[in-house]
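**Q** Sequence:
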Amino acid sequence: MIVKQDKKYSDKDICKLLHPWARKWFQGKFETFSEAQRQSIVDIHQGKNVLVSSPTGSGKTLTAFLSIISELTRLADQEILEDRVYCLYISPLKALDNDIEKNLEEPLTEIEQISGRELGIRKAVRTGDTSQYERSKMLKNPPHILITTPESLSILLCAPKFREKLSKIRYVIIDEIHSLAENKRGVHLSLSLERLEHLTGGFVRIGLSATVHPLERMAEFLVGYHYGQPRDCLIV
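Using this note's numbering, the first residue of the sequence shown is number 1, and each one after it goes up by one.
Incorrect hints may appear among the rest.
With beta-carbon atoms standing in for the labels, derived distance ranges [unchecked claim]: (1) H226 <-> K4: 28 to 38 Å; (2) K140 <-> K4: 37 to 47 Å; (3) D232 <-> H198: 10 to 20 Å; (4) V187 <-> I80: 30 to 40 Å.
Please keep in mind that the hints were generated in silico from the structure rather than gathered at the bench. The beta-carbon is built from N, C-alpha and C at its ideal position, and this holds for glycine as well.
My request is simple: use the sequences and hints to build the entire structure.
**A** Now the structure itself:
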């Protein structure tokens, strides 16, 4: 069922879910959580599909990533972080992919500094511009957060060696989802997501969208269908 999320969680509710190092990083950067974060971080943590619709500059990216970064931090702290992809970030633009990689550098580096040890959480961009050297490097040491485009995802799903690295993905973030939903690229992405669903057995889907309507259509595109019915999704 696709429903509007009206519940807003308190700072206390959200903070108690975050790993202490991730929580300390956030509290050192921000005074409080945004409205979108209050409505979605807890649900993402609980494994629910969420479509976040808010204006540019409202913190959608951190809304999507904070719970994921916290979880990767927990795994690294417990020394059970595996050499595989946990989170897949997909955007329609290579330039946006590169921006996201740079934006992730700050929290990952600063959380590591707070921890006082090497956590080794890796992120990388994989597009048509990625060199053969970087591709080989990713195969040997796959990023825990893989940043890519719809077209590159389709290629990766056809590459047996890398496909294995995607088999236990927990989260998929689709940014600028409104620009993909109703064109040929969106159709191809939907097919890739269903192939990934079959490969992994299921994952948390997080969509980031500008304020467009009808949001229910965006949510249906994000989660896809299972036996003729759209999968569950919360709209924020």
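**Q** Does each hint hold? Answer for all of them.
**A** Against the structure, the hints:
Range check, H226 to K4: about 21 Å between beta-carbon atoms, so the 28 to 38 Å window is missed. Separated by about 44 Å at the C-beta atoms, K140 and K4 satisfy the suggested range of 37 to 47 Å. Distance hint for D232 and H198: a CB-CB separation of about 18 Å, consistent with the stated range 10 to 20 Å. Between V187 and I80, the C-beta spacing of about 38 Å keeps the proposed range 30 to 40 Å intact.
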